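Student: The lines below spell out each chain.
Number of protein chains: 2
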Amino acid sequence: MTRQERAARTRCELVRAAAAQFERQGYVSTTLNGICRQVGVSSGALHFHFASKAALADVIEQVTSSTLQRLISTSRPRRAGALQELVDISQLLVARMSDDQIIRSGVRLSQDTSRQGRLPFRQEWRAHVLALLEEARADGSLAPTVKVADAASAITLATEGAMNFGREDRQWPAVSSMAGFWRLMLPQLAGADYAERMDPTGTVL
Amino acid sequence: MTRQERAARTRCELVRAAAAQFERQGYVSTTLNGICRQVGVSSGALHFHFASKAALADVIEQVTSSTLQRLISTSRPRRAGALQELVDISQLLVARMSDDQIIRSGVRLSQDTSRQGRLPFRQEWRAHVLALLEEARADGSLAPTVKVADAASAITLATEGAMNFGREDRQWPAVSSMAGFWRLMLPQLAGADYAERMDPTGTVL
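Protein sequence lines, in the order shown, are assigned to chains E and H. Heads up: the first sequence runs through residues 1 to 205, numbered per my numbering. Heads up: the second sequence runs through residues 1 to 205, numbered per my numbering.
Only chain E is shown next, with the shape it has when bound in the complex (with noise of 0.2 Å):
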């Protein structure tokens, strides 16, 4: 191993540490020795990567934002219309965020108000959300009788239910309790022509 790959190394394990610590006990109670320790680093190799413990959450926040904004911007086939892919883009959200935990670190991070320099995920997610649905109402995969406000509402909440529980606690099935919100309001949302079509627990997972 290189002297480049080993400080590569070094610098994903500091940040990989500082998440586990910070979704543990917190931002404020995190201290940069603690991240020292566990990954078994002096404070000086810690400083030659990161000037501050802000520099390793600002890191962080923004590799959140960044995966989280590919997963929605990422143009797949649609299959079946428009509100088949927020089912899709839903499940993939929800199952980042129990898997990975620098992510759950990232979105608890953007939510800590002792902190500055928030990044908007949210805003942009529920942004995302109002787009689709006009692209469903203009492909026919969401009914015309829905109102578009109602569905985002719905959706948004879901989501934003399911992200929370499952950054809280990883024994909490949130992939099929999206299934379950997905399984009653698709009847609901879809438009005659892909009612039949819909896959509940998603198509890309």
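Derived from the structure by calculation, the hints contain no laboratory data. A quick note: this is a predicted structure, and the numbers were derived from the prediction, not measured. Ideal placement from N, C-alpha and C gives every residue a C-beta, glycine not left out. Be careful, since some hints might not be right.
[Stated by the list, open to error] Heads up, incomplete: computed chain H residues facing chain E, CB under 7 Å, no partners named:
#1 Gly26
#2 Val28
#3 Ser114
#4 Asp150
#5 Ser153
#6 Leu157
#7 Glu160
#8 Ala162
#9 Asn164
#10 Gly180
#11 Phe181
#12 Arg183
#13 Leu184
#14 Gln188
[To be verified] Some residues of chain E that are not near chain H, with every Cβ distance over 12 Å (derived):
#15 Arg3
#16 Ser52
#17 Asp58
#18 Leu119
[Stated by the list, open to error] Where chain H lies over chain E, by a calculated footprint (3+ residues, C-beta under 8 Å):
#19 141-150
#20 156-162
#21 181-187
With chain E held as given, fit chain H onto it using these hints.
Tutor: For chain H alone, kept in the frame of chain E given last:
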């Protein structure tokens, strides 16, 4: 005002100031000095009422838990079956979270991993949702085709989301968003004899 009345008022102001500061800056960053400054009392006066910051947090969490438990367990006339009762209680919960800083602070404290002794309010709420859905199945307000587990998932996700949004953004229209959720969900959930009578905005606000 008697001496006892003054003491009761100071105690109340200390709890309200602590709730405000816990909510704004989190448990760890809040100091007893900051709470004294906000109320305009000496550190001795605070210690006459509360031994520590943890004691203040415990009081807030207990007030929250007993308020929410009372809200859940108060028996109301069942004009439109147990399903309407579930709509009503969810709206009361969400409204309370938006209006009452002590409740918001208590729910936040109950999720704060940096503290010990968290009250299991959310588990109680999930159990109550399940119990009301079973009642709704028995009284016919829940349609026989709906799986109780799916309905419980959808309702718990939405209320969790609404309580979370309502806590973080006081401008966010929590009650009308829950109404949007219920407007879409009720035609799917309600039994034939009840469908016409259901009110998605709740009958108690």
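Student: Next, verify each hint and record whether it holds.
Tutor: We went through each hint and held it up to the structure:
Given the 7 Å rule on beta carbons, the hint for Gly26 (chain H) holds: about 4 Å separates it from the nearest Cβ of chain E. A cut of 7 Å between beta carbons decides the hint on Val28 (chain H): the least distance to chain E is about 4 Å, and the hint holds. Checking Ser114 (chain H) against chain E by beta carbon gives a least distance of about 4 Å; that is within 7 Å, so the hint holds. Because the beta carbon of Asp150 (chain H) sits about 4 Å from the nearest beta carbon in chain E, less than 7 Å, this interface hint is met.
Evaluation of the Ser153 (chain H) hint against chain E yields a held restraint, the C-beta minimum of about 3 Å falling below 7 Å. The closest approach between the C-beta of Leu157 (chain H) and any C-beta of chain E is roughly 4 Å, which is under the 7 Å cut-off, so the hint is satisfied. For Glu160 (chain H), the shortest C-beta to C-beta distance to chain E is roughly 3 Å, which falls under 7 Å, so the interface hint holds. Taking 7 Å as the C-beta contact cut-off toward chain E, the hint placing Ala162 (chain H) at the interface holds, the least distance being around 5 Å.
Checking Asn164 (chain H) against chain E: minimum C-beta separation of about 5 Å stays under 7 Å; hint holds. With its C-beta approaching chain E no nearer than about 3 Å, Gly180 (chain H) sits inside the 7 Å limit, and its interface hint holds. Using the Cβ-Cβ criterion of 7 Å, the hint placing Phe181 (chain H) at the interface with chain E is satisfied: the shortest such distance is roughly 4 Å. At about 5 Å, the closest approach between the beta carbon of Arg183 (chain H) and any beta carbon in chain E falls short of 7 Å, and the interface hint on this residue holds.
About 5 Å separates the beta-carbon of Leu184 (chain H) from the nearest beta-carbon of chain E, less than 7 Å, and the hint is met. At about 5 Å, the closest approach between the beta carbon of Gln188 (chain H) and any beta carbon in chain E falls short of 7 Å, and the interface hint on this residue holds. Arg3 (chain E), annotated as away from the interface, keeps every beta carbon of chain H farther than 12 Å; the closest lies near 37 Å. Chain H leaves Ser52 (chain E) outside its interface by the beta-carbon criterion, the shortest separation being 16 Å against a cut-off of 12 Å.
A cut-off of 12 Å between C-beta atoms confirms that Asp58 (chain E) is not in contact with chain H; the least separation is 18 Å. In this structure Leu119 (chain E) is separated from chain H by more than 12 Å, as the shortest Cβ-Cβ distance comes to about 14 Å. With 4 residues having a Cβ less than 8 Å from any Cβ of chain H, the stretch 141-150 of chain E passes the three-residue criterion, so the hint holds. Under the rule that three or more residues need a Cβ within less than 8 Å of chain H, the assignment of the stretch 156-162 of chain E holds, with 7 such residues.
With 5 residues having a beta carbon nearer than 8 Å to a beta carbon of chain H, the stretch 181-187 of chain E meets the requirement of three or more and the stated coverage holds.
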